[in-house]
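Protein chains in written order, with our numbering: chain A, 1 to 114; chain B, 115 to 227.
What the hints contain is simulated information worked out from the structure, not anything from laboratory work. Every value quoted in this text rests on a predicted model; they were computed, and no experiment measured them. Some hints could be false.
From chain A, some residues computed to sit far from chain B (all C-beta separations above 10 Å) [said to hold, decoys possible]:
id	residue
1	Asn-1
2	Gln-22
3	Gly-53
Short, incomplete list of chain A residues facing chain B, as computed with Cβ under 10 Å [to be verified]:
id	residue
4	Tyr-33
5	Arg-44
6	Leu-45
7	Gln-103
Yeah, the Cβ is synthetic: ideal placement off N, Cα and C, and Gly gets one too.
Take a look at the letters that make up each chain.
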Amino acid sequence: NAGVTQTPKFQVLKTGQSMTLQCAQDMNHNSMYWYRQDPGMGLRLIYYSASEGTTDKGEVPNGYNVSRLNKREFSLRLESAAPSQTSVYFCASSEEGLRNNEQFFGPGTRLTVL
Amino acid sequence: GNSVTQMEGPVTLSEEAFLTINCTYTATGYPSLFWYVQYPGEGLQLLLKATKADDKGSNKGFEATYRKETTSFHLEKGSVQVSDSAVYFCALSQNTGGFKTIFGAGTRLFVKA
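Using the sequences provided together with the hints, build the complete structure.
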């Protein structure tokens with residue numbers, strides 16, 4: 001039982017390049033999330049998926065797209081990376097949603113955009 | 115809108131000292147409240163939670179009480195250890211027809227031997 005896994009762990013991009021961050025969970029959770037973590041700002045939600053086949057914008061969706069490929073996988077794509085997207089990205093999942101349920105986090109992807 | 119405010123860090127303590135990390139929130143209704151911990155190089159993990167007023171969450175010697183009257187959820191531990199060095203996040207969630215989880219900015223704790 002690996003929990004939530006993310007790839008890659010580190011990535012350096014040049015401005016304008018694209019990339020996809022991968023996330024998978026093996027806990028059979030319905031809900032999955034992508035956050036970014038910046039110094040002094042806590043975690044901010046980029047996109048979430050309440051169930052397979054649905055996605056919704058979070059607090060900071062601009063410059064990102066997501067795909068809920070199946071119940072296990074939820075990917076985040078940067079079409080044209082910008083230096084402002086330098087951050088640590090976390091994927092998380094939960095069983096029913098956010099009200100009372102624990103979120104399980106992956107180890108993170110540290111992205112630098114030059 | 116909803117918000118979470120935590121005391122700024124870093125907090126530096128000696129081993130066996132008493133820890134308090136303050137957290138206050140702004141929300142309509144009755145959110146659920148959480149403390150998450152992030153160890154170096156890892157993702158966040160749930161430390162404790164409380165889902166209604168006057169509930170006390172506890173885990174690993176940490177505890178926090180949901181105080182509706184003061185809109186607070188302060189984290190406490192009676193005797194910290196070096197292994198408690200981490201970043202602590204207060205968070206609230208509220209089901210109001212969509213996503214409503216808000217994280218505080220985090221408080222870094224250093225515990226010296």
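Status of the hints after comparison with the structure:
At the 10 Å boundary, the C-beta of Asn-1/A stays outside the reach of chain B, the nearest C-beta of that chain being 15 Å off. Consistency note on Gln-22/A: stated as away from chain B, and its beta-carbon is indeed over 10 Å from all of that chain's, at 15 Å minimum. For Gly-53/A, the condition that its CB be more than 10 Å from all CB atoms of chain B holds, with the nearest at approximately 17 Å. Restraint check, Tyr-33/A versus chain B: the minimum CB separation of about 8 Å is within 10 Å; hint holds.
Evaluation of the Arg-44/A hint against chain B yields a held restraint, the C-beta minimum of about 8 Å falling below 10 Å. At a threshold of 10 Å, the smallest CB-CB gap from Leu-45/A to chain B is about 6 Å, leaving the interface hint in force. Using the Cβ-Cβ criterion of 10 Å, the hint placing Gln-103/A at the interface with chain B is satisfied: the shortest such distance is roughly 7 Å.
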